[in-house]
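Q: Below are the chains, spelled out letter by letter.
There are 4 protein chains.
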Amino acid sequence: MTVSLPFPCNRLLPVIAILLAFCVSAAAQQSPPASAGPPDPKLVEDLVAAYRILADHNLLDGWGHVSVRHDKNPNRYLMARGMSADMVTAKDIIEFDLDSRPVDTHGLPMSALFTERYIHGEIYKRRPDVVAVVHTHAPSLIPFGDTKVPLKPMYHRAAFIAFGVPVFEIRDCAGMTDMLIRNAKLGQCLAQALGDHPAVLMRGHGAAITAPTLQRVVARTIFLSLDASLQAEAMKLGAPINYLDLEEAKLIEAREGHGLARTWEGWKQKVMPKP
Amino acid sequence: MTVSLPFPCNRLLPVIAILLAFCVSAAAQQSPPASAGPPDPKLVEDLVAAYRILADHNLLDGWGHVSVRHDKNPNRYLMARGMSADMVTAKDIIEFDLDSRPVDTHGLPMSALFTERYIHGEIYKRRPDVVAVVHTHAPSLIPFGDTKVPLKPMYHRAAFIAFGVPVFEIRDCAGMTDMLIRNAKLGQCLAQALGDHPAVLMRGHGAAITAPTLQRVVARTIFLSLDASLQAEAMKLGAPINYLDLEEAKLIEAREGHGLARTWEGWKQKVMPKP
Amino acid sequence: MTVSLPFPCNRLLPVIAILLAFCVSAAAQQSPPASAGPPDPKLVEDLVAAYRILADHNLLDGWGHVSVRHDKNPNRYLMARGMSADMVTAKDIIEFDLDSRPVDTHGLPMSALFTERYIHGEIYKRRPDVVAVVHTHAPSLIPFGDTKVPLKPMYHRAAFIAFGVPVFEIRDCAGMTDMLIRNAKLGQCLAQALGDHPAVLMRGHGAAITAPTLQRVVARTIFLSLDASLQAEAMKLGAPINYLDLEEAKLIEAREGHGLARTWEGWKQKVMPKP
Amino acid sequence: MTVSLPFPCNRLLPVIAILLAFCVSAAAQQSPPASAGPPDPKLVEDLVAAYRILADHNLLDGWGHVSVRHDKNPNRYLMARGMSADMVTAKDIIEFDLDSRPVDTHGLPMSALFTERYIHGEIYKRRPDVVAVVHTHAPSLIPFGDTKVPLKPMYHRAAFIAFGVPVFEIRDCAGMTDMLIRNAKLGQCLAQALGDHPAVLMRGHGAAITAPTLQRVVARTIFLSLDASLQAEAMKLGAPINYLDLEEAKLIEAREGHGLARTWEGWKQKVMPKP
Chain U
8 MTVSLPFPCN RLLPVIAILL AFCVSAAAQQ SPPASAGPPD PKLVEDLVAA YRILADHNLL
68 DGWGHVSVRH DKNPNRYLMA RGMSADMVTA KDIIEFDLDS RPVDTHGLPM SALFTERYIH
128 GEIYKRRPDV VAVVHTHAPS LIPFGDTKVP LKPMYHRAAF IAFGVPVFEI RDCAGMTDML
188 IRNAKLGQCL AQALGDHPAV LMRGHGAAIT APTLQRVVAR TIFLSLDASL QAEAMKLGAP
248 INYLDLEEAK LIEAREGHGL ARTWEGWKQK VMPKP
Chain Y
8 MTVSLPFPCN RLLPVIAILL AFCVSAAAQQ SPPASAGPPD PKLVEDLVAA YRILADHNLL
68 DGWGHVSVRH DKNPNRYLMA RGMSADMVTA KDIIEFDLDS RPVDTHGLPM SALFTERYIH
128 GEIYKRRPDV VAVVHTHAPS LIPFGDTKVP LKPMYHRAAF IAFGVPVFEI RDCAGMTDML
188 IRNAKLGQCL AQALGDHPAV LMRGHGAAIT APTLQRVVAR TIFLSLDASL QAEAMKLGAP
248 INYLDLEEAK LIEAREGHGL ARTWEGWKQK VMPKP
Chain D
8 MTVSLPFPCN RLLPVIAILL AFCVSAAAQQ SPPASAGPPD PKLVEDLVAA YRILADHNLL
68 DGWGHVSVRH DKNPNRYLMA RGMSADMVTA KDIIEFDLDS RPVDTHGLPM SALFTERYIH
128 GEIYKRRPDV VAVVHTHAPS LIPFGDTKVP LKPMYHRAAF IAFGVPVFEI RDCAGMTDML
188 IRNAKLGQCL AQALGDHPAV LMRGHGAAIT APTLQRVVAR TIFLSLDASL QAEAMKLGAP
248 INYLDLEEAK LIEAREGHGL ARTWEGWKQK VMPKP
Chain L
8 MTVSLPFPCN RLLPVIAILL AFCVSAAAQQ SPPASAGPPD PKLVEDLVAA YRILADHNLL
68 DGWGHVSVRH DKNPNRYLMA RGMSADMVTA KDIIEFDLDS RPVDTHGLPM SALFTERYIH
128 GEIYKRRPDV VAVVHTHAPS LIPFGDTKVP LKPMYHRAAF IAFGVPVFEI RDCAGMTDML
188 IRNAKLGQCL AQALGDHPAV LMRGHGAAIT APTLQRVVAR TIFLSLDASL QAEAMKLGAP
248 INYLDLEEAK LIEAREGHGL ARTWEGWKQK VMPKP
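Protein chains in written order, with the working numbering: chain U, 8 to 282; chain Y, 8 to 282; chain D, 8 to 282; chain L, 8 to 282.
Chain U on its own, in the form it takes in the complex (with noise of 0.2 Å):
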């Protein structure tokens, strides 16, 4: 079927039809995203804790982050806001959803949350298996990042290791930068560089680091952390190093987990506020 318009109809409906799609295409980045509906309190209460653990291992300070997936909507994910990682508390917990947009901000400016939580967004948007992203500026990784000596397995409780830890170089993604993931596309030249490597090292930056759970992804921080100080002072020993075999780290990780419920405690115990 063809419908005739009369003048001036006929040229006026292109127009109308592209400014329409801006208008919705701009309203639907105006409109904040849906909520999931509330997190499970058990699960902020540990987010709460996550940033607060790694705060006390020196591996977050004002400027890393970590998030997990929400639980009842894989395509959200929780983060604190903008600030340092000791004094995070659960108001202080966003909801994003995978474009890295906040559901609700708190009333908070956008200038007030992490520029860089398009690390956390495209990483889950591209690895359906990661719940939960860090993102550190750790010491001892740099080195490695700068040098791109490879990382190693010196210790079983860094076993992962042996998956590959790649080093993501920003200049081959978008040249000269000021080094900050700051939009969608650098997340997903970084969350590329990760590919199915359970962590990703960051030029002259730091890390992003993935695990199955929360307290997983909290562990591999603090012991890919200590790895790195493991492996450099094993290179100045200057001899062979004996690394963990690759089928040695499938065992491992097959039942990694295990007792870190117990050890979770021990740390969260030394950092929460006293009731």
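Some hints could be false.
[Unchecked claim] Anything over 10 Å on all C-beta distances counts as not near chain L; from chain D, calculated:
hint, residue
1, Val51
2, Glu52
3, Pro109
4, Met117
5, Pro135
6, His144
7, Lys159
8, Gln199
9, Arg210
10, Met242
11, Ala246
12, Leu258
13, Glu260
14, Arg262
15, Lys277
[Unchecked claim] A partial selection of chain U residues facing chain D, derived with a Cβ cut-off under 8 Å:
hint, residue
16, His64
17, Pro150
18, Val156
19, Asp179
20, Lys243
21, Leu244
By construction, these hints were calculated from the structure, which means they are not laboratory data.
Backbone N, C-alpha and C fix where the C-beta goes; we use that ideal spot for every residue, glycine too.
Put chains Y, D and L on the given structure of chain U with help from the hints.
A: Showing chains Y, D and L alone in chain U's frame:
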């Protein structure tokens, strides 16, 4: 004398014997070993302090452990349930036989015990002179375990290193594993690698350390870890190292423990809960 | 017009002129410089926090100091009296002119001021762009000052190192000394060695660090010190190091300070006395 | 004059003389030395602070010690009973003569005193200029004592190293020992190795450090230990090191102590029990 049994007895007897042996063995495994009775409360207090002192020195976290032989029966030892070392209290101490079976789990499931308790039981079996055992993941020891650079005595408080600290390679015992000493056989291999030495490094994992008293096993853990750092530093200076002589080590060990009681009080008062 | 003076005036005039000049100069030296008025209390609070934050990071002890230009007059700066950095309070802050003469010593003798205040005054004189100065004995910087191995930017929070961190050799200015910047001439030599750079190492001594804000000079001190540790570690790995590019550094510095306010809150709440 | 004694006196006299000498000597050894009277309470308070400050810097534990000459008699010195440094209070301070015999043990057995007090007594005997002595097991010093790599002044607060820090080899004095300075003879050998230097390293053990004041011996201990770390780090950078010149060291030592009082207040307020 030959006894001739009527049919079907002559055929059933072997079956009955096998069934009986199975049931006795199963009963033995299921019924807990007998208790040696309540241990000296001072010993329990010192064991609690040992966990907390080693945690305070960053030598135990949620995964390492310390044990001591029961003062009323050398075939029993005392050790905490599986938990973070800095949180251990007297009521968390559990009694084990030398097969590492708990006398009483205080109502906890077996999974709430340290998986690697076999390190302790199998060393106590093989080494009647050993009264206390530590299993630690001390960071400074791991580069030496992974490179097999021999640990040497740099400092008189770690003179016992002169008696040798071998490296245990779990692959020689059981091929590819998840690295944990999770059964008696692995514990026996480790105890064999320890031999008559005061301590043994575990490749990719940590160390097991022994002593004739609880206070000395704590001191040995602290100073073995310190000595490894000192040796690594000295090796980097690039000059020949003048280690302690074996004769000096023997003279030191003959008086060792002298002065330890006062240091123990200092260590302890920092970590025990204030009344 | 020529004025002919009767004897003895014509002979005494030059003597009188010299005496007058001497007296005016002595009076100027003895009378304290005028105050710029009370500084913004928020600035004073942040200056107190700066001392305590740097002490908490082990970057100031009883000998280092931090100063900031007076918010009401760029020819005055504010600095603590000579004291341990972790004990500074608002009432310990003293106002100086750019010759480093105190406006009011609060009744203290001159010997109760920091001898090396000339570091600050002479840098403020030479560098109108500088708003805050730190003098630190940060341990990680000293090996670089003593070897003249150039500091390089390893980590984006220390990107300003790309603009150059020269080494000041006090022997070039004054031969053999007790190493202290104890007068204006030595301060001028140091300011000259600093040139247009953000910081200068002082051989056998420490460093002077500048920034366009008080919060940034604290952050620069923390991250200059961290970067030195990272570079030393990376150099020991024995592989080529991929430092930040000058272009990256420029882009980073253009946005630097972003996010610093939240980290400042975290640093500050740990060190300020609780009400 | 010759006196002719009747028999049996002429035969017994030599025996009597020997017996008398023995008894006098035994009495001298058993009767405690006379006290110099109560020391200045401020000196005692500073000595208590010295123990706690050095413990807070991880330079004393249950085994090291610090002493100061009695302010009323240079032939007496003050030192804590054998105990953990962080627990010392005024009532634990004991007075010794220069043979390291206690004036009054406060009812304690001799075994409750530090075995190695001879380090202090023998140095005070040989060095009238020394007013305070520290014996430390500072970890950063041990690699230098074991390798004989000479310590050099990297940092102006440790300028006194330019006057030489020799290494004491106990084997040269007494062959194979348990390494402790457990008698006057070993103390004399150590004092001889010290010579006119400000400090002496003890191979496999630690160091003895001297100064003309109590506050300076604490500062020298802290900065000797720091300088050793700095030198080790600088040596790893692989470039020539520009140490302090002897002339600079002399100028620094001539003013040293300036500013120390304020740092002392900072160190002290962190460690003294709050009223």
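Q: Please settle this one: D/Lys277 was flagged as non-interface, so is its CB more than 10 Å from every CB on chain L?
A: holds, 15 Å
Q: Over 10 Å to the closest beta carbon of chain L is the bar; see if D/Arg210 clears it.
A: violated, 6 Å
Q: Could you check that no beta carbon of chain L comes within 10 Å of the beta carbon of D/Met242?
A: violated, 6 Å
Q: Measuring from the C-beta of U/Leu244 to each C-beta in chain D, is the shortest one below 8 Å?
A: violated, 11 Å
Q: Confirm or reject the statement that D/Leu258 sits farther than 10 Å, beta carbon to beta carbon, from all of chain L.
A: Nearest chain L Cβ is 29 Å from D/Leu258, so the label holds.
Q: Does D/Glu260 clear chain L by more than 10 Å, comparing its Cβ with all Cβ atoms of that chain?
A: The assertion about D/Glu260 holds, with a minimum of 27 Å to chain L.
Q: Can we trust that D/His144 is non-interface, i.e. its beta-carbon lies farther than 10 Å from all of chain L?
A: Contrary to the label, D/His144 does not stay out of reach of chain L, its closest Cβ about 7 Å off (not over 10 Å).
Q: For the hint on U/His64, does the least C-beta distance to chain D fall short of 8 Å?
A: Violated: closest Cβ of chain D sits about 15 Å from U/His64, beyond 8 Å.
Q: Does the nearest C-beta of chain D fall within a distance shorter than 8 Å of the C-beta of U/Pro150?
A: holds, 4 Å
Q: Taking the shortest Cβ-to-Cβ distance between D/Met117 and chain L, state whether it exceeds 10 Å.
A: At about 13 Å from chain L, D/Met117 clears the 10 Å cut-off, so the statement holds.
Q: At 10 Å, judged by beta carbons, does D/Gln199 keep clear of chain L as stated?
A: holds, 20 Å
Q: Taking C-beta pairs only, is D/Ala246 more than 10 Å away from all of chain L?
A: Holds, since 14 Å exceeds 10 Å.
Going through the hint list in order, the structure does not satisfy hints 6, 9, 10, 16, 19 and 21.
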